[in-house]
Amino acid sequence: MFGFAVAAMAPALIISRMISPRKKSNPVKFLPMECGQVPSGEGRTHFMMQYYAYILMFVVFDVMAIFLYAWGSTILELPKSATLPIIGFLGIMFAAMAFALYQSGRRNIW
Amino acid sequence: MSVIAPKFKFSEFVKSILDNLFWFLLIFALIGVPLVQIILFYVEMPVINGELLTPFLALTWLADPSRTLPILKAFMTTDLFRIAAFPGFGFAALLAAGTIFVERKMLAKLQLRVGPFYCGKIEGILQLMGDGLKLLSKEIIIPAKADKPIFWAAPVIFVGAAAAFVALIPVAPGWVVADVDVGLLAVFAVIGFFPIITILSAWSANSKFPFIGGIRALHQMVSFEIPLILSLLGVVILTGTLNLSEIAASQSAFPWIVFLPVGAIVFFITILAELERIPFDLPEAESEIVAGWLTEFSGMMYGLVQLGTYLKLYAFAALFVVLFLGGWNGPMIWPPFPEEIITKGIEAGPITVQIPGLPLFSQETLNGIVWFVIKTVGVIFFILLPRGVFPRIRIDMLLSLGWYKLIGMAFINIFIALGLLYAGVLGPGGML
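Residue numbers (my numbering), protein chains in the order written: chain A, 1 to 110; chain B, 1001 to 1432.
Pulled out of the complex, with its shape left as it was, chain B reads as follows (with noise of 0.2 Å):
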């Protein structure tokens, strides 16, 4: 039988923890707290109750339940939570997370496997979990005479694009980062960005699989470009605007998916070429190249890299979703707040509770949330579904398949919007 610790006392391991304890609560006492205090001198402060929020009051949240929400909801106003927590970066990698697992627990379903099964007694749902510390706590390598800079910043980089794409998708009424009036452009000058990053990081690590996987992308997010931006030229046409949020509120009543089915298939071969996903992964072939343009990134590295993957799938289905499938539009499913809550409290014997600045949302918000979370995962899981069924297609193939067949429907679709706009069926003084 083997032991985890040889030497193990239980009472250096007490006194270990004691001490960690001890040097957490000096430092942050003495460093964290006053640059708490100080930073929140600089940041402008809500009203809250009829009185300005100081930095003396900032944390009396903790001890006073009626002023929590409002200063929550007031936070929920500021550009931080929008980046940070819900249209934004927590909320992605919380559906990318979720992504990941479906993708393991799935795949291998269809492949008659089990997939991860110990982690986390049901069904190994901390299996992300071990995963991400396991690639923290491992060494990060780098080869010898690669460009380090570069190496260094590819990851980073390539998880910022992401969350730059991220940025411009609306998710619900008025719930968006970047509200940009040309926001279907910024989307391309994004995309624009990922063959640019994974041919510098196939350069810097001055090795040939990375090399070779790194020139694939970038011929195969080149040439699935031009399709890309034509099959979306009939959305824009049909609603006269590049802002992502008009083209979400112009489909209340039909889906554009509905008038323009090529441009949605166009559009959605396209990004599993963008993603690298099967059948068109050629810039990761396992099983000719070791792991194409990410062969030599390591540790928390690749886990960077992976979650700027799962990141830019989650936000390239957003994107079909806002475009094609209507949005947050759909029908309302989400019962409304009860008033007694807000007029009278939650009565829980004799006890009465009350909460004021509920609800934290409306019930359009949450209903639109609600209806755009069910379209995204709809549209994730057609994405993962072909990785369990196709085989990899060759690169002759794929270009031809890119410039020859998706480009030729592009222009039918172009063709079959603006006969849709001069037939009359749609726009201004149409039929619908």
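This is chain A alone, in the form it adopts within the complex (with noise of 0.2 Å):
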């Protein structure tokens, strides 16, 4: 699907090309967006975004959170017993994520 759908739009792309007029070039026609001021400085700054931690947490989280699901999907399966190790890791996982935005939230460490 992902193979047809790109199939089926460069040539969108290629045939926009070619009905599509290509006017004379100017020196302000291929400048990047600014509104319509000349830009200035480079188009790839550094951008303090402030809130990094949350990107850490995301890579953290995010596995855990799939780990959960090798769990859910066979859980009708395993025994009553072998819950009560998960409702542990579930614990961890809540401790571990309140203190990080707590972490998270002390913006003068950051």
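Calculated from the structure, these hints are not laboratory results.
Please read all numbers here as calculations on a predicted model, not as lab measurements.
Ideal placement from N, C-alpha and C gives every residue a C-beta, glycine not left out.
Label pairs and their calculated CB-CB ranges:
id, chain 1, residue 1, chain 2, residue 2, range
1, A, Pro11, B, Leu1026, 17 to 23 Å
2, A, Gly3, B, Val1182, 16 to 22 Å
3, B, Phe1390, A, Pro11, 36 to 42 Å
4, B, Ile1038, A, Pro11, 16 to 22 Å
5, B, Gly1424, A, Ile87, 14 to 20 Å
6, A, His46, B, Pro1386, 30 to 36 Å
7, B, Asn1020, A, Gly3, 31 to 37 Å
8, A, Met18, B, Ile1346, 43 to 49 Å
9, A, Thr74, B, Ala1189, 18 to 24 Å
Partner residues aside, some chain B positions facing chain A, computed with beta carbon under 7 Å:
id, residue
10, Gly1088
11, Lys1138
12, Val1156
13, Ala1167
14, Ile1226
15, Ile1229
16, Leu1242
17, Leu1304
18, Trp1403
Join these two chains into a complex; the hints should help.
Dropping the structure here:
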């Protein structure tokens, strides 16, 4: 399906390139959009987002959330006693997440 | 009064049309027909009416109506039909096109505007086609110092990823492009591609507005992916499978939204955030950062990104339907196929026409498609509705919503599902 979409949509770009007008260029035509000003500085700048902690948390908790699916999809075959360790795992995950959220809320250390 | 073409001559107009017709027919006869025949030699052909369909017979359906429907039926079982037409690209693109038109009209009505009006006489129904032609015929401008291969590839890959998402959605029993056993994990894998494509295209444009928009999109999609993953765990616990077809089939009695309303609400909010729709449209905030990560796209590249966005919208709405609203399940409302047409044929006055091969779809399939489309359109309506009502929220509010409230509610949802399972309400040997 991915391949079909690519094979079906790439011709759209090619046809567009064929039938669209290609006017003579002038110096400001290919400048990056900056609301009419001539851009200054680099396009790929260092940009301070201040929410870096959330990206770090994502790396850890995304993997942990996917681990839960290995348990969730087989829970009907597992004995009931096997749920207790998972409850412990959820507790650890929740506590760690709460601590990480508390730390990411302290803006002065970031 | 302005003249459209000042040196217009009718004879030259006719000549140009005849010229084009001549070249089209010549190229089709010399290249098109042999190419079709060569391709058909390498395709495994079905057996129609007791004889193998050879490439020489493949075009006989044009002349012989009694062979048309069997050939069409044989084509409908192929993978190409599934990918290109029914549960795949064509069906999704049709619903996406309808969504774009309804969105524009409905938002206009909500905000006391008129919306598209002139194109196509009836309430601007051809506006979308006009927009498509306009985008196709506009020049593609690539900013200076852009990373050209990535910049060209990003819209195409975006559409491809959205189509890969569509491929995993079961529309009716047995009608799904890719019926994989780990369907839900495959969905998460495909969703994980979108932030990467966004940040790549934003980085390659070498411009400041796309860059800021791309970083915002990355933050937003990343922080709403964990609530999205956790909110669906309740459904997986109760059904014990990751296959989307089996999940949809397991809801023949009750849709899961009855038992897991918390998960459904969390999933709906994360859908809004993953689709970058208002109130979470920070990556494309048009009043702050021009058009966000779409700023430098022009012409058909922008058109492809829009197509991908609406394919994604359809896929997410369909995923909500499959997981929480019961998929294709619903009471039988489709009338049965009239028996006389199969046994006797259609009688029109003195003539009786026998049409072998009917019906094309079974009654259950059509009923399932109808219910699936009704539910999906309803969910799409609720996804579109906030755009006419809500303002945009700040990024710190967005992140705190995603990380504090939605994840907490997703954990509550998991414990509700576990409680239902161990209290004996659902699951094997349960009350329901």
